[in-house]
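Undergrad: Take a look at the letters that make up each chain.
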Amino acid sequence: MMAADPTLDLDLAAVTDESRRLASSIKPGSGPWDVIIVGSGAAGGMAAYQLATAGVKVLMLEAGRMLDYPKEYRTMEWPYQSMRRSRLPPDHRPIAVAEYSFLDRPYGNNPVFDKYRKITSYAGNSFTRNWVVNEKEHPTTGTPYSWVRARVLGGKTNFWGRGALRYGPLQFKAASRDGYDVDWPIAYEDVAPYYDKVDVLLGCSGTKEGLVQVPDGVFQRPTKLNCVEVAFQRAIAKMGRHYIPGRAGVTTEGVLNKYRARCLGRGRCGRGCDISAAFHSPTALVFPARDTGHLSVRPYSVVSEVILDGTTGRAAGVRVIDANTREVMEFKARVVVLGAGTLDTTRILLNSKSSRHPEGLGNSSGRLGCHLSEHAMGPRGSGFIPVRIGTEPTLDDGRPITPYVPRFRNVTDRHPDFIRGYHFQGGGGCYEYPGLAHDLPGYGKAFKSSVRKYYPAMISLGGFGEVLPRRENRVMLDSEVKDAWGIPVLRFDYRFGDNELKMAKDMADTVEEMLAAAGAESIKVERELLPPGWSIHEIGTARMGDDPKQSVTDKFCRLHDVDNVYLADASPFVSGGTQNTTWSILAMCWRTMDHLKEQLRSGEL
Amino acid sequence: MTGRALTRRTVLRTLGAGAAATAFMPWLSDEGLAAFAHIQAAKAPPRPRVLSVPQYATVEALVEAIIPADERSPGAREARVADYVDLLLSEAEDAVKQEWLDGLTALDVDATRRFGAPFVRLDPGQLDALLADLSRSERTAQKSPLEAFFAMTKQATVQGYYTSEIGIHKELRYKGNQLLAEFTGCQTQDGKDCPYCGQKAEGR
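Chains as they are written, first to last, in our numbering: chain A, 1 to 605; chain B, 1 to 204.
Among the hints, erroneous ones may be present.
[As the list claims (entries may be wrong)] Under 8 Å between C-beta atoms, here's a sample of chain B residues computed to sit facing chain A: (1) Val53; (2) Gln55; (3) Tyr56; (4) Ile67; (5) Phe115; (6) Thr163; (7) Gln189.
[Unchecked claim] Negatives, chain A to chain B, calculated, CB over 12 Å: (8) Lys57; (9) Asn134; (10) Thr223; (11) Tyr259; (12) Met476.
Don't read these hints as lab results, they were simulated from the structure. Using N, Cα and C, we set each Cβ at its ideal position, and we do this for glycine too.
Looking at chain A on its own, in the form it has when it is part of the complex:
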């Protein structure tokens, strides 16, 4: 499949053999299982962990293969150890400047993204290429959306950005504050205990700040700021703004898990942390769940739809296409939990059509696929902080995450131009690659020494803005185009609106203002929004609510229409604030599984 440069590929024969063996050993008759879980990322992993440790018999279906994580997490590899310096051969069409130093194929095959193809960046790398789906096999139609999908055990948690932030009261009751759209049917108090439990189980590094816009958690040792960041922190404190240590889903002190060790400050977590100090679903959740003896994992299992029991009207199980053999089979259980990721979960439901549910399962409201939301990214700024110009390099990046400017708009005041808000993430100092060199003029010894001079002084911050949930921002099944497995693909109808554009302008203005306040030299500001989907924080296409006519699931993420189908990912989220999504998926999933376990215990299901 990817033979362009044989030296780029890892030998994955052992893990693909294991995957084939597992897939062929688990057949529809191999059960019985109480619960089928679709997906093995943050949602599927947490669902499996909660159920299996409670003695529930679980079958997990993963569309991709198993993971040889000690081999595939190439954490400490240097760029010069690869002939292309971690870049991909041209037919893999890397673009650049993505947020995780990861930017492989998913972006590349859409002509809209062609302009990014030629941008040169060290970030076009080979570390994640074996996990992310090939867009030629998994196209989308409609408006452009850079939809990143990973089909491998653990999904996107293998390279996630580790931002472990909670939604707070400003998110759960956003509509009550500004009158736009609706509140969540639950409050922060309903989820807070689950966030606490996730912090303890998985490990979360952070500092207590007492900020309503990002509620505190149960934190392990925080990461520190480097010199340029301290200078920036002091400068913006005078403006009443905070710049706090990033909150990372990383154990800095250790957790009770034999697959994981505490953080060793290498700072290369986005390639997969080979000691699993960073949270990755396989080592943190799936393997411990499997060790209970109650979880079977079947890889190469592409789920096309949920199947119904004609008599009871409940879900009977799921239809699976074996990704290797193409064999179609049906797996059955008492309950189905979908955790395939917001958009693939939605696609499976839309594709589960029957005479009883002609528009897809759980879609009697007509809302399934609507209210797609994520974070608007792109506006960012950089500059050189004087206290480190011309100094010798220090070790500045030995930590899992950069610091964080919490939202400051529409927290206590009301901005005249837009509702909701945004935050900034970013930091500075000496990183492995001096991206600033691309912008410095000249040549020769003078150029070389100017790179050296400014290298320790660089600071760079990028914004994440809430995209308002809007009914017209939606996905639907394409009536003609199908993926490599014959499943209809998603057609997107998604655009940034007026609120996002005004917010983006303010992001660029405020980052410039803060850099100026810090006395930064050579301030450079990017004002344009990146393509939709860039945040990889998609939520909301099967939103929860109390009214079955207005929403897809109830407040426990269970379909209004079919009471034994639960959604474990971010598809039921009503609105997403500015916070990175993963920690909320984990907390909400735990809460949902507590509800499911109670239904199983009481005999309701």
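Keeping the supplied structure of chain A fixed, place chain B upon it in accordance with the hints.
TA: Below, chain B without anything else, positioned relative to chain A:
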């Protein structure tokens, strides 16, 4: 660069290493090992895939002029940036490849017109005069083809040099990617005046 895929076994044999070396490099992929072998052999004569011998020499002279050796570290020549450029070219689309080869020709034409010698034979003063002109429009959108070629070469040189062993360790003295008990950051956070940035401790 041999252009031949190396297996783990042949690499280890080439390095004269046995099982002990394998145990030493638990995280190194086959790709890493192959590149490692290449690095060990970096003093070997170049074997360009796209560039002719004179073209390779021109690229080498140009990248060294952009990032030269100085008192702190070797330059782009020793970091084998020309080999990196040649590798990129070997995989580039035909139009891009042609743009580079045309650029190299134009560079020699320009050098010959102004100084009566091809680029590789310019003396330091002539080289400086030529590059000063080529880099003048660096930050403007309007560029002549030769100026655009210079800008493109410079970006590739930056990329190749600062991802090389020389660029990362000798020039930048990058200190990360190490096993740390704890990341310390700016000393002011521990209530001290910071020796790295001169900022004073202040109570929170």
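Undergrad: If a hint holds in the structure, say so; if it doesn't, say that too.
TA: Taking the hints in turn, this is what the structure says about them:
1. Of the supplied interface hints, the one on B:Val53 is violated, with its beta-carbon coming no nearer than about 21 Å to a beta-carbon of chain A, more than 8 Å.
2. Evaluation of the B:Gln55 hint against chain A yields a violated restraint, the C-beta minimum of about 20 Å exceeding 8 Å.
3. Violation of the interface hint for B:Tyr56 is found here, the shortest Cβ-Cβ separation to chain A being roughly 17 Å, above the 8 Å cut-off.
4. Interface hint status for B:Ile67: upheld, as the beta-carbon distance to the closest one in chain A is roughly 5 Å, under 8 Å.
5. Because the beta carbon of B:Phe115 sits about 18 Å from the nearest beta carbon in chain A, more than 8 Å, this interface hint is broken.
6. Hint status for B:Thr163 relative to chain A: holds, with the closest Cβ pair at about 4 Å, below 8 Å.
7. Interface restraint check for B:Gln189: the shortest CB-CB distance to chain A comes to about 5 Å, inside 8 Å, so the restraint holds.
8. Distance check for A:Lys57 against chain B: the nearest CB is about 37 Å away, which clears 12 Å, and the non-interface claim stands.
9. Under the 12 Å C-beta cut-off, the non-interface status given to A:Asn134 relative to chain B holds; the minimum distance is some 19 Å.
10. The Cβ of A:Thr223 does not lie farther than 12 Å from every Cβ of chain B; its closest approach is about 6 Å, which violates its non-interface assignment.
11. For A:Tyr259, the shortest C-beta to C-beta distance to chain B comes to about 17 Å, beyond the 12 Å cut-off, and the non-interface label holds.
12. Look at A:Met476: its CB is around 36 Å from the nearest CB on chain B, clear of 12 Å, so calling it non-interface holds up.
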